[in-house]
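Asker: Each chain, written out:
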Amino acid sequence: MPGARKPLLIGVIAAVVVVALAAAVLFFFQQPQQPAPIPGPSEETAAPVRPQEIPVRPQEIEVLRISQRADLSTIDVQVATDSPTLNVFGHVYETLFKLRFTPDGTPVFEPHLVESYNFVNETAIKFKLRSGIRFHDGKPLTAEDVVATFRRGPVVGSIPRTLLGPVKSVEAIDDLTFVIVLKYPFAPIIAHLAHPSTAIIPAWVAELFPDKPINSTAYIIGTGPFRFVEFRKLERTVLERFEDYWGPQPTVKRLEWVPVEDDDTRAAKLEAGDVNIITHVPPHLARLLRDRGFKVVQMPSTRIIYIGISVDRITDPRVRQALNLAVDKNAIVSRILEGAGTVATAPIPPAVFGYSPQTPYGYDPDRARKLLEEAGWAGRELIMIAPSGRYLKDREIAEAIQMYLQAIGLNVRLTTMEWAAYIAKVMGEVRDFDLFLLGWSTATLDADYGLYSLFHSKAPFNRMRYSNLKVDELLEAARAEADVEKRKQLYRQAQELIWQDAPWIFLHVEDLIVVMDPNLENVEVQPIERWILTYATRR
Amino acid sequence: MLRYIIKRFFTSLLTFFAILLFTFILARLLPGDPITVMYGEMQPTPEVRAALERELGLDKPIVVQFFIYASRMLRGDWGLSVHTRVPVAALAGDAFLSTLVLTAFSITLAAALGLLLSYLSVVRYNTLVDKVIRGVSVGTFSLPVFWWGYILILVFAVQLRWLPAGGKGGIEHLILPSLTLAMVNLGMITRVSRAAMIEVLMQDHVVLAKAKGLSNGDVMVRHVIRNALVAIVTVIGLRFGVLLGGAVITETVFAYPGMGKMIVDAILTRDYPVLIGGMFIASLAVMIVNLAVDMAYALLDPRVRVGG
Numbered sequence: 001m002p003g004a005r006k007p008l009l010i011g012v013i014a015a016v017v018v019v020a021l022a023a024a025v026l027f028f029f030q031q032p033q034q035p036a037p038i039p040g041p042s043e044e045t046a047a048p049v050r051p052q053e054i055p056v057r058p059q060e061i062e063v064l065r066i067s068q069r070a071d072l073s074t075i076d077v078q079v080a081t082d083s084p085t086l087n088v089f090g091h092v093y094e095t096l097f098k099l100r101f102t103p104d105g106t107p108v109f110e111p112h113l114v115e116s117y118n119f120v121n122e123t124a125i126k127f128k129l130r131s132g133i134r135f136h137d138g139k140p141l142t143a144e145d146v147v148a149t150f151r152r153g154p155v156v157g158s159i160p161r162t163l164l165g166p167v168k169s170v171e172a173i174d175d176l177t178f179v180i181v182l183k184y185p186f187a188p189i190i191a192h193l194a195h196p197s198t199a200i201i202p203a204w205v206a207e208l209f210p211d212k213p214i215n216s217t218a219y220i221i222g223t224g225p226f227r228f229v230e231f232r233k234l235e236r237t238v239l240e241r242f243e244d245y246w247g248p249q250p251t252v253k254r255l256e257w258v259p260v261e262d263d264d265t266r267a268a269k270l271e272a273g274d275v276n277i278i279t280h281v282p283p284h285l286a287r288l289l290r291d292r293g294f295k296v297v298q299m300p301s302t303r304i305i306y307i308g309i310s311v312d313r314i315t316d317p318r319v320r321q322a323l324n325l326a327v328d329k330n331a332i333v334s335r336i337l338e339g340a341g342t343v344a345t346a347p348i349p350p351a352v353f354g355y356s357p358q359t360p361y362g363y364d365p366d367r368a369r370k371l372l373e374e375a376g377w378a379g380r381e382l383i384m385i386a387p388s389g390r391y392l393k394d395r396e397i398a399e400a401i402q403m404y405l406q407a408i409g410l411n412v413r414l415t416t417m418e419w420a421a422y423i424a425k426v427m428g429e430v431r432d433f434d435l436f437l438l439g440w441s442t443a444t445l446d447a448d449y450g451l452y453s454l455f456h457s458k459a460p461f462n463r464m465r466y467s468n469l470k471v472d473e474l475l476e477a478a479r480a481e482a483d484v485e486k487r488k489q490l491y492r493q494a495q496e497l498i499w500q501d502a503p504w505i506f507l508h509v510e511d512l513i514v515v516m517d518p519n520l521e522n523v524e525v526q527p528i529e530r531w532i533l534t535y536a537t538r539r
Numbered sequence: 001m002l003r004y005i006i007k008r009f010f011t012s013l014l015t016f017f018a019i020l021l022f023t024f025i026l027a028r029l030l031p032g033d034p035i036t037v038m039y040g041e042m043q044p045t046p047e048v049r050a051a052l053e054r055e056l057g058l059d060k061p062i063v064v065q066f067f068i069y070a071s072r073m074l075r076g077d078w079g080l081s082v083h084t085r086v087p088v089a090a091l092a093g094d095a096f097l098s099t100l101v102l103t104a105f106s107i108t109l110a111a112a113l114g115l116l117l118s119y120l121s122v123v124r125y126n127t128l129v130d131k132v133i134r135g136v137s138v139g140t141f142s143l144p145v146f147w148w149g150y151i152l153i154l155v156f157a158v159q160l161r162w163l164p165a166g167g168k169g170g171i172e173h174l175i176l177p178s179l180t181l182a183m184v185n186l187g188m189i190t191r192v193s194r195a196a197m198i199e200v201l202m203q204d205h206v207v208l209a210k211a212k213g214l215s216n217g218d219v220m221v222r223h224v225i226r227n228a229l230v231a232i233v234t235v236i237g238l239r240f241g242v243l244l245g246g247a248v249i250t251e252t253v254f255a256y257p258g259m260g261k262m263i264v265d266a267i268l269t270r271d272y273p274v275l276i277g278g279m280f281i282a283s284l285a286v287m288i289v290n291l292a293v294d295m296a297y298a299l300l301d302p303r304v305r306v307g308g
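Residue numbers (our numbering), protein chains in the order written: chain H, 1 to 539; chain B, 1 to 308.
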């Protein structure tokens, strides 16, 4: 249609302007109706938030909806390796011990399903279960269930395998008594028995699936405060209060876990009142939501992010130290993570038992260059791989590190991949890379899990192929040492050596950010990436 | 007519098998296997890996895997999701139904509005109404799907609180996502059907019909709109495959558990049974829709039959 162009253009511009104006007007017009900002709770929640002593009758919650980024990855608690899944199961299943935080943030492991325990000798512990605990199918909890759980766990799941690795045998003495015999004296055993991956499942379920993941939600049966009701993939997982629960009755009647992958949508759902709590909130959204009056809980997690260095390819420690000196970790935390992290000061985070702060490498590109020259590495090419979308700003961090390393004269070829391809490459036998980005969460809050699993030369997760016999010796001695002070000493020495050997570029500890309705109380957020909603109340 | 349908049916069947084979090969070519992904930083013992590989049939040669899989598919045994152990048939069925409802809703909305707007545009040819409608229709499909999604969420869920920001539930959960999807198609449908109507209006038989004394309304309904319908059906047909793809973004933004989202997730987690089951249903659907569109053509426009 000749001559139609001009009016058409005007029409387009008019339409866009009208729509944009309408959106802007609605947006700004509504601003004053937002709840008044409350003081930023990040300061007041420096220590983990935990339920206060609840007054006589708390205000119950009919339905509490929480939105995590990811859906259940598996329906088998012993197979699960990710925190979104373990968080759901943490409400269905229970462990022998329970992790609690004192008001000053110190972790304490309290007997939970067990009533009492005592060391028969250095390697044998006798436990007595509480009586009167029932599974959701009505059957009582017995020592046989513990035996069957601990027998199956290491076969099907890698976390139970790690946690229960030092266990030689578990034997039931009577209905409520059992003995765990260790392969060697192993101090962190109690911490391991508080990890959600060692939760107790019914013996009959364990025996039905001895060597493969369970295949139906009908077998999701625990002793926890909530029983499993429904799992609809990508839609929701529903839990309901278990009326026969042995402990204090939960204050929440129904829990709905809603997976929402998109960060903005998760925030919008909270704002729209569709959900009450959202997790894995990126820092810029947390700031926005705080300004709008929502309660923000931000704290350092136990997840450390590092660049693993293939020690078999970069054998000279001076080069590895140079890599550490070349990277400005403070800049990464403050600019890329927008402050949602803390620069690593040891191979394990400060919240973990045995943590010993090391002298920071600092940002010193000149010294890094010098070290490289001494080692004859100047101008070399390095191959670096990183995941995209697995950890907070992982791709951006990898790109920044590439730039830092290029600034000291190395030639870094970076490839970022989606998680599935990436993890296959990192775990694979062909290792044609020098640097890789990964994270590790020391969920037991004990140095053994964070150091032994990653730095012992025979450890399965030592992807750096790092080997220092002295470190091996120290880590072995520490796990067997019963004296708390002596253990700390051993871990201090091990960390010093690891820090000097630098099999990692030590980066940062990620922050956890959870945002919720301002009138929600008693939602317990733990640094091990756990949110416990059992006793949440409304103000 | 029957010959045409049979011919179309067999070409569709061929396409379908090609898609099936292609998806299967593509899934296996991607780096990363489901077991590695499932266990992440903590890899399973060699025994567990072997047991899982046996169970999933990953230990067999790839050709054997394909035949086992194809025969299972045809028998209706679609297996379990590698990760969640939920039956794939149920999962894919649910997701497909969700997406179908969503797309049907949005297509109906877009077609109805599009037809109305194009009609208005034609009867008010070259007036302000026409110009505004043209402008809006270009605007709607020029802006990306996610932009519409976020704007609609911001306005109707966050600010006005009239509708939920996402998820699945009653009809209220459908309005925003289907409106989002409709936006992109609305502009397209309006433009295409407007052009079709104008073209028909200029044709001899319409001039003749008018000369024979048919009223304007009769001309519009009998000749013009009927032709516009062909155009709309074409657009819907063409857009359906695109809709499934576009639905991925809409489903992600609205956390809507549909087909597009399920397939993308299955790719990312290398959940082969879910991926293949999803593709199976999706390609079947696109095929059936294309077939239906072609039939609709044949009914609406006899020339198609002659040519086909």
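It is worth saying that the hints were derived from the structure and are not from the lab. All values reported here derive from a predicted model rather than from experimental measurement. All C-beta atoms in this analysis are idealised placements derived from N, C-alpha and C, irrespective of residue type, glycine included. Any given hint could turn out to be false.
Listed next, with one range per pair, are the computed distances between beta-carbon atoms [said to hold, decoys possible]:
1. H/Arg431 <-> B/Ile25: 26 to 32 Å
2. B/Ile62 <-> H/Val484: 33 to 39 Å
3. H/Arg287 <-> B/Val64: 53 to 59 Å
4. H/Lys183 <-> B/Pro144: 56 to 62 Å
5. H/Ala331 <-> B/Ile288: 52 to 58 Å
Distance condition first, Cα-Cα at most 30 Å in a straight line; then the derived DSSO-like pairs of lysine-lysine [claimed, not checked]:
6. H/Lys212 <-> B/Lys7
7. H/Lys425 <-> B/Lys60
8. H/Lys470 <-> H/Lys370
9. H/Lys425 <-> H/Lys486
10. H/Lys370 <-> H/Lys212
Per the computed footprint, the stretches of chain B lying under chain H, defined by three or more beta-carbons under 8 Å from a beta-carbon of chain H, are [as the list claims (entries may be wrong)]:
11. 80-86
12. 147-155
13. 200-213
Asker: Broken hints, numbered, in rising order?
Answerer: Result: hints 2, 6, 9, 10 and 13 break, sorted rising.
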